[in-house]
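Asks: Sequence:
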Amino acid sequence: MYVPRITSMDTLYRPAGVEERWQRTWEEEGLYNAEPDPDRESFVIAHPPPNVTGELHMGHALQLALADALVRWKRMQGFNALFQPGYDHAGISTQNAVEKDLAREGKTRHDLGREAFEERVWEWLRLYGRTIMTQFRRMGASLDYRRERFTMDDDYVRAVMRWFVHLHGKGYIYRANRIINWCPFHETALSDLELVHQELDDELVYVRYPFVEGEGHVTIATARPATILADVAVAVHPDDERYATLVGKEVLVPYVERRVPVIADERVEIDFGTGALKVTPGHDPLDFEIGRAHKLPEPMVIGPDGRMNDGAGDLAGLTQEEASARILAWLEERGQLEKREPYRHAVALCERCESRIEPLISLQWWCSMEELKKPALDALRERRVRYHPEAQHRFAIDSLENAPDWNISRQLWWGHQLPVWYCPDGHTTVAETEPDACAECGSKELKREEDVLDTWFSSALWPFATLGWPDDTPDLRAFYPGDLNTTAREIIRLWENRMIFSGLEVMGEVPFTDVIIHSTVLAPDGRRMSKSLGTGIDPLDVIEEHGADATRYGLLKMSSTQDVRFSFGAVEEGRKLANKLWNLSRLLLQAAGEGVKPEIRPSAIEERWILARIDRVRSEVEEDFAAFRFSHAAQALYHVTFDDFCDWYAEAIKPRLYAGDADAGATALAALERLLGLLHPVMPHVTEEIWTNLPERETRLIVAPWPEPDEAYAEADSLQRVQDAAAIFRRSGVLVALEGDEKRIFDAVVRPERVQANGNAGAEIERLRKEIERAERMLANDNFVQNAAPEVVEAEREKLARYRRELDALEPSLD
RNA sequence: GGGCGGUUAGCUCAGUUGGGAGAGCGCCGGCUCGACAAGCCGGAGGUCACUGGUUCGAGCCCAGUACCGCCCACCA
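Take the first sequence: its position 102, counted from the start at 1, is 361 in my numbering, and no numbers get skipped.
Heads up, some of the hints might be wrong.
[Said to hold, decoys possible] Listed next, the in silico DSS-like pairs over lysine-lysine satisfying Cα-Cα at most 27 angstroms (straight line):
hint: 1; residue 1: Lys359; residue 2: Lys790
hint: 2; residue 1: Lys706; residue 2: Lys429
hint: 3; residue 1: Lys633; residue 2: Lys429
hint: 4; residue 1: Lys856; residue 2: Lys839
hint: 5; residue 1: Lys790; residue 2: Lys366
hint: 6; residue 1: Lys703; residue 2: Lys429
hint: 7; residue 1: Lys839; residue 2: Lys913
hint: 8; residue 1: Lys508; residue 2: Lys598
hint: 9; residue 1: Lys554; residue 2: Lys508
hint: 10; residue 1: Lys856; residue 2: Lys913
hint: 11; residue 1: Lys835; residue 2: Lys913
FYI, nobody ran anything at the bench for these hints, they're computed from the structure.
Based on the provided sequences and hints, a complete structural model is requested.
Replies: Laid out in structure tokens, this is it:
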């Protein structure tokens, strides 16, 4: 492949063509690939599979920037790094997209029928799906793209079936009639986690329920008058003195004139409305609980289409609004409508279509969490899996402790159909593949359950199903358990915790040891990034304008706290850094001259100094990466490049470079080499591009060894003197060389002429003198030293005295 | 309603065991010197949200208050 010489190129680094070229090259040369290798330790990140219909958004970009930096770092350190890509079929989300598409033709999925609809989804995916992996590549994400997996692949489906049968065999999966969240548009059950809540303007109506015996009534408040028809009780709080005498009496439900009891239940809020609650177990989750506790009947008046059903008698077939109007009119006539008031409250909506959720009772499949969660909780408590930051670890544990049984069935057409078959006698057969006959009666007339599984039921298997489970494959042995996962906060309960208990259940080991819960990237104005608000920023636009390296750097730089505003400044800083590196390498390559090879041959203090600085940043970056402090690492890399390498070291050696000093040239290239290595995980493209232009490159930087620790230069005598001069005394006898001061001290000691030129030598010395005097004052303060060991205090006094002598010795040389 | 995060320079934000208030961008002044003017050198600019506490000493630790925000949530 043609690689232009850097010295002949533009003074402005243009990432556009360069980045795509390297992305292609790395992939074509197989440098992203991972194969089982008994001689090397593995490092594995199973990247969260995006929706198969998805497009790259800022969350993905951040996730990739973080994870890929770690993967590249580990790869350079010699780990057998596997970064696993793939797609999630994303049941309801994909089905919704295709249904919208159908709607443009004036059709619904029912017009096609199930089989044709599924065909339509596959066809749609061929046209519009699976584009996001191209966008992942554009980020420079070093995923092993050969290993792309899809949760609807035949092998993956087999894993899902095995998982279901396994759980069923252990008795964790059962079928039950319970209240669930029903989406009337998709006509499916949804889990609590698939809802969004939105503040909507409603009306709260106060309705009188007359006593069956005697005069009077009890007034309840409701936002859904249509559900009055399904009332089976009125409930009050047991401590509510207003209603103490009412408990046990009976009242008449309006319109249907049904006699129902007044009961006491602690779940009733005394302070809301009138403090009396109409109990409708068929259409409200709280009422359902109360109903079951009191063994009340569970009539339903609203059907799966959201309209009044046959249970609603003469109102059957009406919409809820129509039914409400009829009921309110009925109440009005009889003086049972006490008042109506505007009411703004949070309403549950389907997160995909924003239809109002209908709570209703439905026969669904459930997965008991009771036993499954135990080993996962142990793992979390023993910190065999750690969420970062720490607050999210506590949240993960709390969530799992309180995880209710999991509704795993969905009445959708796109997804994994449950491996359950029914015979005409109502027997149930559960099997991985279609059975020949009913397991109980041998009937050949089997009909498969129509429901599909919750998308997350299959995603939970991602870390091992992508490696071949349920088969015992070399990949599975080599790459399970993995190391790390990165995700957004709201995914903890949906996915992360479920991968942990699934991994423990079938593999016996946690799927990873660390979970990074990354920042939420908000729009620059602090609002949420969203298409509907128009606040979204397309990462691909940012990449196009500034480059993937700059985008990666910027995202890392800005990802410090839980919520961060997108900062173009941070991206521009990254672009500046790339440009700076580019021009630095032009300088060094030109000035070092032809034939000079990178080699450490330091002869001057500034050379030992820059090597020591680079080595210190190496260890800093290692600590930062290991602790997932990406923002800090980015900052350290920026400063060592700009301030230390370019502004100081490069300026200092320029005269020697131009004079043809081969040692200076060789050392400078060697120092640059190390710097490029440190920067590669964050800015892979520009560093690889420069690396290629260095003489005698045998390997790509992506697989070059991470710079080794280099104690020799860190301990150089002259450097030590610089450090000592900058050291100040801090509490408990800790001596610290102040980072920021070091350069200025270096100035004072090594390049006094420059300091004097700026007229600051006196000021620097004055600063140092003040530091020392402050330390002396502290040492003289009895309150300060009382808790310190006497020998420590004495040692510090001696050090301080030495610094004062050094300072005094330094001063004359600067005059 | 619950959980969590934030509040430091005009803007976006660092500040890792308590002792120097910082960076990038913007602004002002100088440099038109052979990597980069998308550069270099220098400078101005801050009651570290507020109140109280601990301490010789608090941006940092403790208690509380206010505001902003994210996630979650069954007050009908």
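Asks: Hint compliance check: list the failing hint numbers for this structure, sorted ascending.
Replies: Violated hints: none at all, because every hint is consistent with the structure.
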